[in-house]
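Chains G, L and U are the protein sequences, given in the same order. Here our numbering is used: the first residue of the first sequence is 1, the next is one more, and so on. Here our numbering is used: the first residue of the second sequence is 1, the next is one more, and so on. Here our numbering is used: the first residue of the third sequence is 1, the next is one more, and so on.
If you're looking for bench data, these hints aren't it; they were derived computationally from the structure. Among the clues, some could well be false.
Below, simulated DSBU-like cross-link-like pairs (lysine-lysine); rule was C-alpha separation at most 35 Å, straight line [unchecked claim]:
1) G/K199 with G/K124
2) L/K237 with U/K220
3) G/K198 with G/K124
4) U/K294 with L/K124
5) L/K237 with G/K109
6) L/K124 with G/K75
7) G/K183 with G/K156
8) U/K288 with L/K124
9) G/K220 with G/K66
10) G/K113 with G/K75
11) G/K113 with L/K237
12) U/K71 with L/K271
13) G/K124 with L/K237
14) G/K113 with G/K181
15) U/K220 with L/K271
16) L/K124 with L/K271
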Amino acid sequence: MNHLLRLNGLNAGYGTIHVLYDVSLECGEGEAIAIVGPNGSGKTTLLNTIFRLADIFSGSITFDGKEIGHERPHKVARNGIAYLRQEGNVFPSMPVAENLKMGGFTLPKREVKGRIEEVLSLVKPVRAFFRRTAGTLSGGERQMVALASALMSRPKLLLMDEPTTGLSPVAAGEIAELIGKLKGEGHLSMLIVEQNLKKILNVVDCCSLLVSGRMMLSGKPEDLLSRSDIMRTYLGLS
Amino acid sequence: MASLIDALTYSALLGLMGFGLTLIRRTTGVWNVAHGEVVTVGSYVTLTLTASLAWNPYLTLPMAFLVCAALSGLVFLIGIEPIRARGASAILLLVVTIAISLVLTAAINIYSDYLQNVFHISAKSFLLTRLDFYLWGQPGILWVSWAALAIATGSYYIFLQYTRTGLALRAMVDQPVLATVMGANARSLSLLSWCLAGGATGLAGCLLPLRFQCNPSIGTTMIATMFAVSIFGGTDKMYGPLLAGIVLGFAQIYGIDLLSSWIGPQVIPYKDLIPMIVLVLTLQFLPQGLSGFSRQRG
Amino acid sequence: MGEQWLLFLVDLLAIFGIYLTLNLSLRLQLGYTGIANFGLVLSFTGGAYVAGWLPVRMGMRLFHVDSSLAKDMIWNNVIINSQINQSLQQNPSMAMSILIVTLLVAAAIGALLGFLSGYPAVRLGGDYLAISLLALGEVLAIIGGNYEPLVGGPLGVQVPDVWAWSLDHRFAVASLANCVMALGVWAYLSAIERSPMGRVLRAVRDNPDAAASLGKDVTKIRLNVLIAGGTICSLAGAMYAFYTSGVAPSALGRFDWTFLPWVMVVFGGSGSNLGVLLGTFAFITLQKLIVSYKYALSFLPFDPVWLQYLLMGLVLLLILNFRPYGLIREKASYATKPNNMSM
Chain G
1 MNHLLRLNGL NAGYGTIHVL YDVSLECGEG EAIAIVGPNG SGKTTLLNTI
51 FRLADIFSGS ITFDGKEIGH ERPHKVARNG IAYLRQEGNV FPSMPVAENL
101 KMGGFTLPKR EVKGRIEEVL SLVKPVRAFF RRTAGTLSGG ERQMVALASA
151 LMSRPKLLLM DEPTTGLSPV AAGEIAELIG KLKGEGHLSM LIVEQNLKKI
201 LNVVDCCSLL VSGRMMLSGK PEDLLSRSDI MRTYLGLS
Chain L
1 MASLIDALTY SALLGLMGFG LTLIRRTTGV WNVAHGEVVT VGSYVTLTLT
51 ASLAWNPYLT LPMAFLVCAA LSGLVFLIGI EPIRARGASA ILLLVVTIAI
101 SLVLTAAINI YSDYLQNVFH ISAKSFLLTR LDFYLWGQPG ILWVSWAALA
151 IATGSYYIFL QYTRTGLALR AMVDQPVLAT VMGANARSLS LLSWCLAGGA
201 TGLAGCLLPL RFQCNPSIGT TMIATMFAVS IFGGTDKMYG PLLAGIVLGF
251 AQIYGIDLLS SWIGPQVIPY KDLIPMIVLV LTLQFLPQGL SGFSRQRG
Chain U
1 MGEQWLLFLV DLLAIFGIYL TLNLSLRLQL GYTGIANFGL VLSFTGGAYV
51 AGWLPVRMGM RLFHVDSSLA KDMIWNNVII NSQINQSLQQ NPSMAMSILI
101 VTLLVAAAIG ALLGFLSGYP AVRLGGDYLA ISLLALGEVL AIIGGNYEPL
151 VGGPLGVQVP DVWAWSLDHR FAVASLANCV MALGVWAYLS AIERSPMGRV
201 LRAVRDNPDA AASLGKDVTK IRLNVLIAGG TICSLAGAMY AFYTSGVAPS
251 ALGRFDWTFL PWVMVVFGGS GSNLGVLLGT FAFITLQKLI VSYKYALSFL
301 PFDPVWLQYL LMGLVLLLIL NFRPYGLIRE KASYATKPNN MSM
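Kindly produce the complete structure, drawing on both the sequences and the hints.
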């Protein structure tokens, strides 16, 4: 399979703080990979590094055959990568409509309006609060907007940082359902950081365990779940 | 009657200056002390072009805009951005702007010394009212200053609300990291806002000598007032400095005029204390300023 | 030639003492507590104004100067002062009494100014406080420059020469006194550094939220530091007025008495007394040299004083870019490390 995203021997961190040690990862087209691990293991840093929001000390990042490790953060988006962050993932002072418009910043101007329609039909609930200011929305509603905005740029790869954390069970379920739907359509690759593996079990093809900045093992989610020693030690699950 | 014209003109110009200062603060989080010198540079552009090339002072507006926009942009690129990119604190950036203000003060004074000594242009103290025209019985500066303010803020509003770059700028102010991952170039946007801020303030500086006595330190002496305008107006919304400019401009000129008719002319030199008083009151009772007021209640 | 150099050095030392005092005050506020005080000139001017107002009136009473002259203190300023100075020459104890009383009043005024200028914005902290202090720093200049009865308006007044009794050694004695004052402040700061108060101040500087959560009233601490800082600046201002035997509002501007101290402290490093010392010495010497060789630079079509501004600005920019800690870094304290790129 052609690898869309390849991280090779990545050492990264913030300034003098070394967070990721020799991390390698591969994600193919249409593949969904979960990154799990205990708190502070560097999962968010991993996603940040792809967007050069963290410093790369050594190693490479290749996307669609192109080396993107040297690109400036705002250029990374143009390659077809979108990032659904855990916090600060909407523009609270702007209406939802403008949030979506901004999501489509890398699109040619004339395509934006049409794309908004497409995204609204994908993430149906957003239509209900299209005119509202994003800051007035509930957590679940915001997450919908954030997801919709991320999809605006027609990304080939979508990075998601704990998309269901902090949401009510209903909202979390809705998001998980949406992610499943996106997976089902087949052309979007996803890198999902998630605390709770069980939630996205059905969606992901592969699972990687990140502990203290090191990739411990990767494999099918069922295989990982069956290793109860790992589940207990690293994920606090039984 | 004269003081009403002064007050109106001064308010408009204060509004423009405060607008520039607030814009820089809102988009890059920097309190730019060197902004005072940008005003002075604007006035010297006018002086230079009217004295050496006999231009009409109003024709120098575009030049003042360009020169001051470029200066401001340069200050940002060379002085601010490099250390801001390395994560400098707000205070460190403030000190940088002070250092830049010192350099600019020196440059302005050297330039004016040069104009005076070599070209024999009265550059240490100048007033260009004689070059003004009259329209509907009032000096042109009155109309032009308000027109400049209206055009500057109006076009800025349109830019913000109806263009893609304006959207990106608003996004950057709201959530800089999110805007970046969506593809907005934060550095270019910041540079743009510094240029716009410099240009708007340059317009004010350009028009200043048409009504008020100017000298090499005119901007430096006004920076405290400009801060008062910015803080009193609040950095929440861009109409803040406009409102504050009007209030402060009127208070300073027209208000002190009224006061002197009650108490006596000895109060006139203290008009520069009024912005200080407003500043202190604002910080004590309304720290978010006029434009932040609605946010607090809502 | 030798005598010229001696005079140059004595003068250098005198100004050095004043600036060192001022800079140590800045160190207390900025280096210890993280308060960026851009309004040092306010308290400094306050102390100078006290010296411009009080001693002459004290002298008039003490030496029974013709009270009819008191009708216009400003117009008769020179006459009054010359009479007082004649008496001061014979009366070292009176002179020192006048000095002490003036310094006490100046200290009180400085404390008050420090408090008043900081109070409105101290809760906001950070750069809001800095801007506020910068703006309010101008208040005394506006008042003093316009209200003649205070210190004679922009041209100023003479100040009784409390060092007159030392006759030929007047400058040396005054110079020494300035340095003693600086030494006193140095000792005070060192004492604070070693004390628990020093740690509290550093905590407020590095992590105000943490300090607050541990029960420290951050606002009150900052205000206290501003008061202490103002007191020190005011003393420096009064001593400066005594040294130059005069007070002139037009010569008490923010370039000389706020920005220059900042350049010196940032250059030397606000993290240690030694750094402040080095920074002060370097720039005083530089400034004095520029002023002394002004005539050598007269070929320039502009006033050489602007070279000073240019130089100070550029030096400050260079330091902030490459060595924001200054020449000498703060010794890392037990618990916290100074933030990279923060002040």
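Subject >> Hint check against the structure, violated hint numbers in rising order >> reply: Number 6 only.
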